[in-house]
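**Student:** Listed here are the chains, written in short residue letters.
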Amino acid sequence: MGGSSSDAPSWLVAQFPAPLKGVDAALLGFARALRVVGVNASAERLHAFLRAVDLLGPTRRTDLYWAGRLTLCGERDDLERYERVFAAYFGSGEPAARAMPAAPVTRLRVVARDATGSRTTTQREAEAPPMAALAGSAEVLRHRDFAQLNTDEKAQLHRMLAAFALRGETRRSARRRPARRGDVDPRRTVRELLRRGGEPSRLLRHTQADRPRRVVLLVDVSGSMAPYADALLRFAHAAVRGPRTEVFTVGTRLTRVTRELSHRDPDLAMAAVSAAVPDWRGGTRLGVLLREFLDRWGQRGMARGAVVVLLSDGWERGDPELLAAQMRRLRRLAHRVIWANPRKARPGYAPLAAGMAAALPSVDAFVEGHSLAALESLAAVVRGADRA
Amino acid sequence: MRAGLEATGYLVDEGLAIACFLALRLARPIFCEGDAGVGKTALAAALAEALGAPLIRLQCHEGIDASQALYDWDFPRQLLHLRAAEAAGITDAERLESELYDRRFLVARPLLRALETQPSVLLVDEIDRADDEFEAFLLELLSDYAVTVPELGTLRAESPPVVVLTSNRTREVHDALKRRCLYHWFDHPGFGRELAIVRRRLPGVSVRLAEQVTGLVQALRAEDLVKPPGVAETIDWVRALDALGASEVDAELAVSTLGSVLKYREDVERGRGLDFAAVLSGAMEVP
Chain B
1 MGGSSSDAPS
11 WLVAQFPAPL
21 KGVDAALLGF
31 ARALRVVGVN
41 ASAERLHAFL
51 RAVDLLGPTR
61 RTDLYWAGRL
71 TLCGERDDLE
81 RYERVFAAYF
91 GSGEPAARAM
101 PAAPVTRLRV
111 VARDATGSRT
121 TTQREAEAPP
131 MAALAGSAEV
141 LRHRDFAQLN
151 TDEKAQLHRM
161 LAAFALRGET
171 RRSARRRPAR
181 RGDVDPRRTV
191 RELLRRGGEP
201 SRLLRHTQAD
211 RPRRVVLLVD
221 VSGSMAPYAD
231 ALLRFAHAAV
241 RGPRTEVFTV
251 GTRLTRVTRE
261 LSHRDPDLAM
271 AAVSAAVPDW
281 RGGTRLGVLL
291 REFLDRWGQR
301 GMARGAVVVL
311 LSDGWERGDP
321 ELLAAQMRRL
331 RRLAHRVIWA
341 NPRKARPGYA
351 PLAAGMAAAL
361 PSVDAFVEGH
371 SLAALESLAA
381 VVRGADRA
Chain E
1 MRAGLEATGY
11 LVDEGLAIAC
21 FLALRLARPI
31 FCEGDAGVGK
41 TALAAALAEA
51 LGAPLIRLQC
61 HEGIDASQAL
71 YDWDFPRQLL
81 HLRAAEAAGI
91 TDAERLESEL
101 YDRRFLVARP
111 LLRALETQPS
121 VLLVDEIDRA
131 DDEFEAFLLE
141 LLSDYAVTVP
151 ELGTLRAESP
161 PVVVLTSNRT
171 REVHDALKRR
181 CLYHWFDHPG
191 FGRELAIVRR
201 RLPGVSVRLA
211 EQVTGLVQAL
221 RAEDLVKPPG
231 VAETIDWVRA
241 LDALGASEVD
251 AELAVSTLGS
261 VLKYREDVER
271 GRGLDFAAVL
281 SGAMEVP
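From first to last, the protein sequence lines stand for chains B and E. 1 is the number of the first residue of the first sequence in the working numbering; add one for each residue after it. 1 is the number of the first residue of the second sequence in the working numbering; add one for each residue after it.
Hints are not guaranteed to be accurate.
[Said to hold, decoys possible] Computed beta-carbon distance windows for the label pairs:
id, chain 1, residue 1, chain 2, residue 2, range
1, E, 62, B, 154, 33 to 39 Å
2, E, 103, B, 180, 25 to 31 Å
3, B, 186, E, 80, 23 to 29 Å
4, B, 163, E, 2, 35 to 41 Å
[Unchecked claim] Covered stretches of chain B (chain E as the covering partner; in silico rule of three or more C-beta atoms under 8 Å from a C-beta of chain E):
id, segment
5, 39-49
6, 64-72
7, 196-209
[Said to hold, decoys possible] Taking lysine to aspartate or glutamate pairs in the DMTMM-like style, the calculated list, with each CA pair at most 25 Å apart, reads:
id, chain 1, residue 1, chain 2, residue 2
8, E, 227, B, 75
9, E, 227, E, 250
10, E, 227, B, 80
11, E, 227, B, 368
12, B, 154, B, 80
13, E, 227, B, 267
14, B, 344, B, 368
15, E, 227, B, 265
16, E, 263, B, 265
17, E, 263, B, 267
18, B, 154, B, 185
19, B, 154, B, 210
20, E, 263, E, 128
21, B, 154, B, 376
22, E, 227, E, 211
23, E, 227, B, 78
It is worth saying that the hints were derived from the structure and are not from the lab. Where is the CB? At the ideal position from N, CA and C, for every residue including glycine.
So here's chain E without its partners, still in its complex pose (with noise of 0.2 Å):
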């Protein structure tokens, strides 16, 4: 699993690849929480190409509802249905009626792509951002990898997709949803791992500015900021400088692009007090 993961540049820890691991045994999704950019929703992305299976997104938004998710009535389509029907006067209404509400009129929508795909991998991102109400159309969907349409019947899966939830925690999500899921916490990783994503994400990059990067935004991250920076920060900001043409990085370099990691008025003047150099300095040691 972790060796099929880490193939396709996304390296995992031991408690994430186990995660991986149940989840597709036992069939049950994994609720992803973490701070931003900690590689929650690349999971997912990692797992499609691992299983070679497609991504089917879902991302949520406040108002987000069944017809947005789960699936709609071809409206227009039925009408010229019914349309063709009068053209090439076929009068039987019950058979017209009852075709109407078919299958082929169905608009899947990516809960239902999910179900109907096989093998694949669901993401529901940022559940958190969904109103409760939302959760509740999950349940069934998670528990029993089924959707129940009223004029169709119950759709069901013949093999359930994988099934990955991320959270940012702006909202308590119920414990309901939860409880049928896999619970993983995303930590900002550590300065040897940060570095080894680093290196797998950009390649081209010289090994001393990402050590450097790396190291000053485990600095970073110790101090009391607003938002702190996320693996995608890290990444952003050796970028940054990589497009500046920097091999290695100084104080007053870190300071002026300071704003491809800190998006935050009081964060940025925060860390333009900090001692760069002395970070820089001690980050060397670090192994």
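Just chain B, with the same shape it has in the complex (with noise of 0.2 Å):
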């Protein structure tokens, strides 16, 4: 810290008339802050910002504050970080006027200049929250259990989960799309030749498209499962965002919830899957469920050329034998079937649970599905990378 007027804390600089230098500084300071928090303030939002502020000339606050986060935020969930370093920057109530000193006028090129010599935001990156760290500890977390996890950690993995994708394996339809190789498109070129007035022209072609096949996931909410239910139903919720996407719970009674989990918020999509699954933490009857699923739906159309996923440690109070000849019926009818067992990864694990050994003969794939890191390969399953 210099003796300098330009090295006081930038919120110094703010609140008192400051030669030229000091405004900019403020706001670059500002502009940083923004950045630590996680908004994307570039270089170039920065320009504008700048310019913006010297065309409403820095006097009221709300000037500063529409300025700021016209310029600086690019998205919705910007909006409230914005707020929040607003209000901790120039402070966060009236007086309006007193926020920035009046009437000078700002300059790009001294401000391009002191940007490397402002070392007064140290202290506000400080208080923010340390963004860095947390990015870190996301590494850890993709491969830690989720059984083993706290409340806060807990929420961070919700929030990753919140990002994933679940595509199908593409198969060849029967459509076709205009492409710039293939088959000459008969239709479109001659289309293409009347409106250029019979004039021979250009061909056109075509080819077959490729589309995803439905995924669909059927989900183990039994007792046994409890400590993974929730973090699968998140993983489902964040899958149902594709177009193509049903999910099931499975436990003592089969429940369709794709319709439940369609909200967009993942908490109020947990809160309505909770309310329409009646058979939480109960006893695990895999067969006669699997039978009612393949008889209600997947017989007549929605397991059929589909990648079906079963999320369960396949612990099976019923007649194993009767869940043998529904997986053998599924796989006859699906294109593919996964199980992910979140068990699969205990050291010494052996598929001993007599479900799961009635079932594994017509199982395609046998996965984990423990951690985010082991969701993330079941993803990569469902998409065929394994086979390609």
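Please dock the two separately framed chains into a single complex, following the hints provided.
**Tutor:** Set out below in structure tokens:
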């Protein structure tokens, strides 16, 4: 900290009429504080911000507020962070006119040079949430078992799960789409020809389009799966944003929860699911429920050609023979049957549970499902990446 | 600025007024995001009216490409030109060829038209529906206000048009595009402002009806609906009730006309279960 006025804490600079540099340093520090909390205030945005402040004249607090909000923010999530930093930086309430010194004309050239000189913002940065530290822990969290997370870690996990995407393996569809190469598309070519007065023009081509296969998730919500059910359903919620995904819960009953999960907000969706599912933490009747699924939905088309994923530990209370029979039936219908078992990652695991052992012969891929990293690799298997 | 917009019947709050002011002075596009029916598209119309400039609208859709948005060569006219030249016996092939790619054979689509019309307001509506590739087309246009036609060279706007982009957030628009714009998030308006908007748009409707319906819609927005109603729905609802000859609304009438605000079966079912009478008696106490 030097003795010159431009080295004073930036909020002080903002409060008192200062030489020209002081204002710019304050605005710059403000933009930097925004960057620390995750607003993408890039150089180009900053440039626009300074021009906007210059135009409006930094005399009124509301002008300054809107100039920054309009130029520095880029999405809705930014707004809340912006509000917070703005309040911290320029004071939260009235009197409005006091926040910025009156009238100094800002010049861009000065700012650019000042950017390196101002060390006044470190104090502010220290107060902001340590995002860098959070980013480091994300990698660790990816490999942690869902069952062993504390509340904070769970909250972070939920945010990471929300960013998930699940796409089915693609298949060749019967429809064709316009393309640069492929067969000549007679209809479009002739139509183009007519439009140009019958003069032969270029040949238009089309090719067969690929479509992602439907993905059907069957999530086990029985007692033995209790530590995982919440995380897996959130995973399912993220997956449902894809257009062709269906989700069912199995326990002692079969419940279709696709509609409940279609709420955009994960917490609302989870609340809707827990209201709709009557059999949380009960027993497991996988065989009976799988038969019900195939009778009511699967046979009619939902499972046909689809990628069916069972998220279960395979602890079956009912007759394993029934489960085995239904799994064979499922396999004949579905394109691929994937079983994700959270317990598979435990050291010394062997598929000894009666249900699991009965089902395995009909399963195309048997994967883990206990951590974020495991779910990522599950998503890769669903996408068909393991076979490519 | 604000007075100019309000004269057209479009009410703005302070933030939006500043956004419009900056858009004009900085020659930057305004990127409008918000729920459907909060007045994003109407902003462009109001701006055009306030500035006395024509509104040029480009509705984005999946698969939109440069020939639909920027320009296209008028092939039949080019052919006609060739035939005419043939008939007139012109044989200077080189000159003829260079004539073919003349500005007069270029069909200006909305984006090019906006550059060539001075002044103008360009509305790029629902940019989130267009593909990623289309955003790249917009980049050159929005940063330089210029379009490059390979055969003709770069066409530049003498004074840039006012550009309004809208998005319903069905897809995240690329940051390269957004950072060239002023970002404005449209919130649902508060009771007072929404009432003022309704009264401005529907001056013939009874004050009490407008107040009641605005209160109801504000209450509905607080519910957990698949699609919360926007201002457009409020106006629709008032208009529907007015068409039925009502000068005020009771719970029964509200339920029977619910279809004009709630457009999902789940929402309507949920709406039926609400206690409108309580909201109505409560709504009157809101200042």
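**Student:** If a hint holds in the structure, say so; if it doesn't, say that too.
**Tutor:** Hint check:
1. E/62 - B/154: 33 to 39 Å: holds (38 Å)
2. E/103 - B/180: 25 to 31 Å: Cβ of residue 103 of chain E to Cβ of residue 180 of chain B: about 29 Å, so the range 25 to 31 Å holds.
3. B/186 - E/80: 23 to 29 Å: Holds, at about 26 Å.
4. B/163 - E/2: 35 to 41 Å: At roughly 40 Å between Cβ atoms, residue 2 of chain E and residue 163 of chain B fall inside 35 to 41 Å, so the hint holds.
5. 39-49: holds (count 5)
6. 64-72: holds (count 5)
7. 196-209: Coverage by chain E holds for the segment 196-209 of chain B (4 residues, Cβ < 8 Å).
8. E/227 - B/75: Measuring from Cα to Cα gives roughly 20 Å; hence the hint holds.
9. E/227 - E/250: Given pair residue 227 of chain E, residue 250 of chain E holds - Cα atoms ~23 Å apart, limit 25 Å.
10. E/227 - B/80: Since the Cα atoms of residue 227 of chain E and residue 80 of chain B sit roughly 22 Å apart, the hinted pair holds (cutoff 25 Å).
11. E/227 - B/368: Violated: residue 227 of chain E and residue 368 of chain B sit about 37 Å apart, past 25 Å.
12. B/154 - B/80: Holds, because 22 Å separates the two Cα atoms, which is no more than 25 Å.
13. E/227 - B/267: Between residue 227 of chain E and residue 267 of chain B the Cα gap is close to 17 Å, so the pair holds against 25 Å.
14. B/344 - B/368: Holds - the C-alpha atoms of residue 368 of chain B and residue 344 of chain B are around 5 Å apart, at most 25 Å.
15. E/227 - B/265: Given that 25 Å is the threshold and the Cα spacing comes to 13 Å, the pair holds.
16. E/263 - B/265: It holds: about 20 Å lies between the C-alpha atoms, which stays within 25 Å.
17. E/263 - B/267: The hint holds at about 24 Å.
18. B/154 - B/185: violated (53 Å)
19. B/154 - B/210: The given pair, whose Cα atoms are some 37 Å apart, is violated under the 25 Å limit.
20. E/263 - E/128: holds (22 Å)
21. B/154 - B/376: holds (17 Å)
22. E/227 - E/211: Given that 25 Å is the threshold and the Cα spacing comes to 22 Å, the pair holds.
23. E/227 - B/78: holds (23 Å)
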